[in-house]
Amino acid sequence: DTEVTQTPKHLVMGMTNKKSLKCEQHMGHRAMYWYKQKAKKPPELMFVYSYEKLSINESVPSRFSPECPNSSLLNLHLHALQPEDSALYLCASSQEGGVNYGYTFGSGTRLTVV
Amino acid sequence: AQSVTQLGSHVSVSEGALVLLRCNYSSSVPPYLFWYVQYPNQGLQLLLKYTSAATLVKGINGFEAEFKKSETSFHLTKPSAHMSDAAEYFCAHAERGYQKVTFGTGTKLQVIP
Numbered sequence: 001d002t003e004v005t006q007t008p009k010h011l012v013m014g015m016t017n018k019k020s021l022k023c024e025q026h027m028g029h030r031a032m033y034w035y036k037q038k039a040k041k042p043p044e045l046m047f048v049y050s051y052e053k054l055s056i057n058e059s060v061p062s063r064f065s066p067e068c069p070n071s072s073l074l075n076l077h078l079h080a081l082q083p084e085d086s087a088l089y090l091c092a093s094s095q096e097g098g099v100n101y102g103y104t105f106g107s108g109t110r111l112t113v114v
Numbered sequence: 115a116q117s118v119t120q121l122g123s124h125v126s127v128s129e130g131a132l133v134l135l136r137c138n139y140s141s142s143v144p145p146y147l148f149w150y151v152q153y154p155n156q157g158l159q160l161l162l163k164y165t166s167a168a169t170l171v172k173g174i175n176g177f178e179a180e181f182k183k184s185e186t187s188f189h190l191t192k193p194s195a196h197m198s199d200a201a202e203y204f205c206a207h208a209e210r211g212y213q214k215v216t217f218g219t220g221t222k223l224q225v226i227p
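Sequence order for the protein chains is A and B. Residue 80 in our numbering sits at position 80 of the first sequence; the count goes up by one each step and never skips. Add 114 to a position in the second sequence, counting from 1, and you land on the number used in our numbering.
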């Protein structure tokens with residue numbers, strides 16, 4: 001298995017809703033990442049988990065809450081989002097926590113906040 | 115801050131022509147460098163990476179890139195463009211010892227039949 005699977009592929013949520021994005025990989029990678037990508041922009045790092053521990057939080061608002069229940073699974077819990085949070089949310093993983101191996105990306109969740 | 119700069123937000127080439135996408139990095143210590151491709155409504159796919167081994171790096175789909183320290187460049191090339199190469203290409207870098215990969219602003223490649 002050489003894939004990162006993200007669900008759902010599309011999500012529309014109201015500003016008062018609570019929802020979660022899910023990311024799963026079975027490649028034995030020990031680092032996992034959340035990126036946010038606005039239209040026609042590069043991906044921007046949100047969070048890094050290394051060996052199931054949060055190692056980087058790029059000053060992301062608390063309405064985004066990451067969780068890494070085990071080495072294969074990464075969640076992003078969403079609450080009270082704003083319309084400007086609408087974007088493509090990408091999950092990625094890398095071997096043994098090393099960025100020098102390069103990332104394997106999922107195909108993303110396209111989030112629309114209404 | 116250390117970063118990568120991609121010259122040209124849009125590049126158009128004819129099918130069969132050389133593809134050259136430019137990327138320059140700013141770092142006193144050579145970073146890790148990457149090229150990723152993104153097709154519409156998809157995630158990113160790693161094309162190739164430089165991690166201080168060979169300076170000429172070969173990747174997937176016939177792409178290659180050469181790390182030139184004297185020019186602080188890591189340009190992406192392909193001898194002959196195919197229609198399927200039309201996509202957004204991102205140069206990215208990571209500082210050694212850090213887990214953060216930062217992406218350039220991207221270059222959209224158009225291939226003209």
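The set of hints was computed from the structure by calculation and includes no laboratory data. Since this is a predicted model, take the numbers as computed values, not measurements. Any given hint could turn out to be false.
Just a few of them, taken from the derived set where beta-carbon distance is under 8 angstroms, the chain B residues facing chain A [unchecked claim]:
(1) 146
(2) 158
(3) 204
(4) 208
(5) 218
Note that beta-carbon positions come from the ideal geometry of N, C-alpha and C, so glycine has one too.
Hints, verified against the model:
For residue 146 (chain B), the interface hint holds, the least distance from its beta-carbon to any beta-carbon of chain A being 5 angstroms, beneath 8 angstroms. With a least beta-carbon distance of about 5 angstroms to chain A, the hint placing residue 158 (chain B) at the interface is held under the 8 angstroms criterion. For the restraint placing residue 204 (chain B) at the interface with chain A, the shortest Cβ-Cβ distance is roughly 6 angstroms, inside the 8 angstroms limit, so the hint holds. Hint on residue 208 (chain B) holds. Least Cβ distance to chain A is approximately 4 angstroms, under the 8 angstroms limit.
Contact between residue 218 (chain B) and chain A, as hinted, is supported at the beta carbon level, the nearest pair being about 6 angstroms apart and thus within 8 angstroms.
When each numbered hint is compared with the structure, no violation occurs for any of them.
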